[in-house]
Amino acid sequence: MRATFTQEQQDIGRTVGALADADRGTARAAWSGGWRAPAGDGPLLRDFGLLGVPEPAGGIGSSLIDLLVAVEALGGRLVPSRFPAHAAAVQLLCGDERSGGPLPDEVLDGRRVLTAAVDVPGSSGWADAVPVDPLVRTLVPYAAQADGVVALGPAGVWFADPVRVTERQSLDPSVPLADLTVAAPERPRPAGTGPLRAALVVAAELCGVAQGAIDLAAEQARTRRQFGRVIGSFQGVAFPLAEAATARKAAWDLTLYAAWAVDTGHPDAGVQVHAAKAAAGQAAVFAAERCIQVHGGMGITMEADPHLFLRRAFVLDARCGRGSWHRRRAGELRIRARRAVRG
Amino acid sequence: MDFADSDTDLAFRHEVGGWLDKALADVPDQEELTQDEREHWSRVWQDRLCAGNWAGLSWPTAHGGRGMDALAQAVFNEEAAVRGAPYPLNGVGMMLAGPTIIAHGTDAQQARHLPGILRGDEYWCQGFSEPGSGSDLASLTTAATRVDGGWRINGAKIWTSNAHNASRCLLLARTDAAAPKHEGITYFLAPMDGFTVRSLVMINGDTEFNEMFLDDVFVADDDVLGGVGNGWTVALTTLAFERGSMALNLWVWARQAVDRLIDVAVERGVADDSAFVDAVGALQCDAEAVRIGSMRMLGESRAGGVPGPETSALKSLWARVVQNANRLAVQLDEAGGVLVDGDGAAARMRRYLRARAHTIEGGTEEVQKSILAERVLRLPRSR
Ligand SMILES: Cc1cc2nc3c(=O)[nH]c(=O)nc-3n(C[C@H](O)[C@H](O)[C@H](O)COP(=O)(O)OP(=O)(O)OC[C@H]3O[C@@H](n4cnc5c(N)ncnc54)[C@H](O)[C@@H]3O)c2cc1C
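For the protein sequence lines, the chains are G and P, in the order given.
Position one of the first sequence corresponds to residue 1 (UniProt numbering), numbered consecutively onward.
Position one of the second sequence corresponds to residue 1 (UniProt numbering), numbered consecutively onward.
Note that these hints are calculated values from the structure, not bench results.
These figures come from a predicted structure and were not determined experimentally.
Mixed in with the good hints there might be a few duds.
Just a few of them, taken from the derived set where beta-carbon distance is under 10 angstroms, the chain G residues facing chain P [to be verified]: (1) Thr-4; (2) Pro-240; (3) Ala-242; (4) Ala-244; (5) Tyr-257; (6) Ala-276; (7) Arg-327.
Looking from chain G toward chain P, a few residues come up when the C-beta cut is under 10 angstroms (computed) [claimed, not checked]: (8) Ala-221; (9) Ala-275; (10) Arg-342.
List of simulated lysine to any residue pairs, SDA-like, C-alpha gap at most 25 angstroms [said to hold, decoys possible]: (11) Lys-181/P / Glu-374/P; (12) Lys-181/P / Arg-375/P; (13) Lys-181/P / Asp-222/P; (14) Lys-22/P / Ala-70/P; (15) Lys-22/P / Asp-69/P; (16) Lys-22/P / Val-341/G; (17) Lys-181/P / Gln-235/G; (18) Lys-181/P / Phe-234/G; (19) Lys-181/P / Asp-221/P.
Backbone N, C-alpha and C define an ideal beta-carbon position, used for all residues, glycine too.
Kindly generate the complete structure, drawing on both the sequences and the hints.
Right under this line is the structure:
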């Protein structure tokens with residue numbers, strides 16, 4: 001067992017972290033004038049497109065964890081790059097090794113930017129059950145800014161032609177969200193573990209958001225003084241942040257393990273992914289709420305950053321199956337497994 | 001990052017499993033036993049571990065151990081816990097006393113104390129906490145005064161697990177009342193002949209821990225571990241081993257608590273209620289996080305690192321899962337847990353009440369949080 005990051009994974013974290021640092025503040029910029037591609041968007045799509053792509057899909061043997069390390073680094077700085085959404089769409093296509101063959105070069109080298117259409121209006125889970133209107137999807141990120149859509153339906157996944165795109169008002173303007181009506185698939189391919197893979201991309205970004213919120217909150221707790229001392233010396237301030245750090249660690253560990261389980265075809269993969277997505281959403285929302293609290297009145301202003309973490313956390317928690325839905329799925333699968341053991 | 005057992009790990013797991021299956025064949029399910037019966041089996045189990053040469057699994061071969069690493073110990077403990085093995089009665093000896101003596105003891109001390117632990121004929125207890133010093137352990141006041149050839153010790157210790165079975169004590173006492181509180185402490189490997197041990201009844205009726213009174217107890221110079229005045233440093237070593245050994249079992253207990261909860265719910269026909277399913281989903285997240293976090297911690301230590309403050313996060317998560325699962329299990333009982341005349345209901349309530357200690361023993365929940373605040377979040381000391 002080598003349950004440690006490889007040298008390569010550490011390098012990915014550092015490189016993407018440096019790109020992301022240069023793009024700090026771009027989430028805020030979207031508040032005036034809407035979303036614009038951050039500087040790192042192009043390089044990320046071009047140079048990191050093979051991360052996490054299995055070999056039959058055209059990859060070079062990079063593991064899903066490699067990709068998640070990159071996405072987590074982006075989440076920590078709230079970089080509004082299309083890369084995570086594109087990567088989730090690619091992963092959605094990578095769930096069944098026997099079908100499809102390699103993905104088109106222009107997808108893997110980022111010339112054709114994809115987004116994933118997974119969530120169904122009025123339902124908290126992803127589209128693996130037959131929805132009321134089988135061809136409408138919601139919460140699709142960067143729909144207008146992408147060149148293609150990968151849709152998930154009960155029959156599988158497919159490159160979908162949007163018949164109608166309705167831009168919605170996103171809680172987080174740096175992540176535009178749209179409702180899509182897509183054309184019926186001609187030949188969908190089996191989704192396999194695709195939805196699980198896509199959900200993990202979102203979970204990893206949530207873990208990043210949680211970390212970013214915790215870092216910002218801790219910075220404030222170390223510097224802001226009241227009653228003659230820094231507020232981080234009050235346990236009422238410090239302990240909830242310790243809880244946030246614990247929840248974030250739990251979520252990240254769950255996410256990494258789930259990625260390993262999916263990549264290695266572990267029979268547990270499903271329940272692990274559901275647990276990871278649920279825990280990541282909860283950790284990110286909790287951390288962002290605490291971050292606002294630690295900032296006092298400043299935390300309630302548009303001008304300060306804490307609310308940006310909360311907005312991103314909410315959007316990601318809702319996407320690719322809502323956190324509450326994943327939690328229930330994790331519970332159902334856990335109970336089912338125990339019943340099977342007991343006979 | 002790879003969570004799979006290597007071929008050697010797998011082979012070892014197989015060897016361990018084979019031995020355990022045989023050694024556990026006549027051992028009953030511990031959960032349904034009285035405390036006396038459990039202690040009996042804990043003693044039997046300790047003897048079998050020693051006879052099977054497992055007691056020093058992760059001790060260096062130079063000290064009579066098998067020289068295997070922490071992961072091997074983890075695999076052993078995991079396989080044992082999964083099979084519901086008893087808790088060995090000399091856990092303090094194998095997991096705390098032995099490793100601390102290996103780290104800080106003189107050759108003579110190692111030669112004197114280690115074989116007894118491996119053979120299983122000397123049991124140890126951990127005499128750290130005092131009535132006036134719990135979380136603030138360094139404020140301890142048990143006093144050792146210099147006498148010819150050693151020290152005369154007076155004071156009281158409390159919450160000492162298993163003192164009623166032990167003959168040696170890892171004892172902290174103040175040897176210099178004038179020194180700053182961390183510097184005046186000395187660590188003794190004390191024989192317990194002169195100790196008065198009185199058992200304390202826990203809220204669930206069990207008597208796992210004790211109070212100990214030391215009235216003019218003599219401890220020889222030979223039994224000072226790590227030098228006079230260095231007790232705090234040595235104690236930190238013991239506490240580090242305590243945290244390290246935790247990760248080896250915790251996750252299994254967390255999973256078993258959730259398993260038992262589901263079994264009760266199935267029995268009561270409520271396992272499909274959405275509120276219950278949601279609760280299990282949340283417990284599953286925490287329980288798996290303990291397991292995976294433990295694997296990552298072991299991975300780090302195998303790669304040469306030392307377990308960091310993350311162990312505090314694991315302990316917190318573990319305590320929460322076990323407490324919440326056990327609370328839910330009693331609440332599912334017919335009368336909400338308050339009629340304890342049935343065996344099953346009584347056992348569930350006993351476990352629930354025992355689990356309340358998980359946020360107190362081994363460093364309270366609040367202390368774990370303050371460790372995280374200081375060492376992970378780099379906030380100022382709040383204690
Ligand atoms: C089942 C069990 C077995 C044990 N076995 C052993 C053993 O074998 N050997 C041994 O030496 N000890 C043992 N202990 C003792 C254990 O280590 C102590 O109980 C623990 O360290 C807490 O100390 P205390 O009980 O004095 O509580 P206190 O330290 O008095 O704490 C009381 C409450 O105040 C809180 N508190 C204290 N200080 C702070 C602070 N600065 N900030 C915030 N909150 C604070 C605590 O978290 C706790 O909630 C055992 C305890 C239990 C329950």
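Would you settle whether the hint for Ala-221/G is holds or violated, based on the nearest Cβ-Cβ distance to chain P being less than 10 angstroms? With a minimum Cβ separation of about 6 angstroms from chain P (threshold 10 angstroms), the hint on Ala-221/G holds.
Against the 25 angstroms threshold, does the CA-CA distance of Lys-22/P and Val-341/G hold or violate the hint? Holds, because 22 angstroms separates the two Cα atoms, which is no more than 25 angstroms.
Just to be careful: measuring from the Cβ of Ala-276/G to every Cβ in chain P, is the smallest value less than 10 angstroms? holds, 8 angstroms
Holds or violated: Lys-181/P to Phe-234/G, with C-alpha atoms at most 25 angstroms apart: holds, 24 angstroms
Would you check the hint for Lys-22/P and Asp-69/P, treating anything up to 25 angstroms between C-alpha atoms as holding? holds, 24 angstroms
Given hint Glu-374/P paired with Lys-181/P - CA-CA distance at most 25 angstroms: Answer holds: Lys-181/P to Glu-374/P is near 21 angstroms, not above 25 angstroms.
Is the straight-line distance between the alpha-carbon of Lys-181/P and that of Asp-222/P 25 angstroms or less? holds, 24 angstroms
Taken at face value, is the distance from the CA of Asp-221/P to the CA of Lys-181/P at most 25 angstroms? Status holds; Cα separation ~22 angstroms.
Taking only the CA atoms, is the gap from Lys-181/P to Gln-235/G under or equal to 25 angstroms? Judged against 25 angstroms, a Cα distance of about 23 angstroms means the pair holds.
Cut-off 10 angstroms, beta-carbon criterion: hint that Ala-275/G touches chain P: Check passed: Cβ of Ala-275/G comes within 5 angstroms of chain P, closer than 10 angstroms.
Minimum Cβ distance from Tyr-257/G to chain P below 10 angstroms? holds, 4 angstroms
May I ask you to test the interface hint for Ala-242/G with respect to chain P, counting a Cβ-Cβ separation under 10 angstroms as satisfied? holds, 4 angstroms
Of the numbered hints given earlier, the model fails none.
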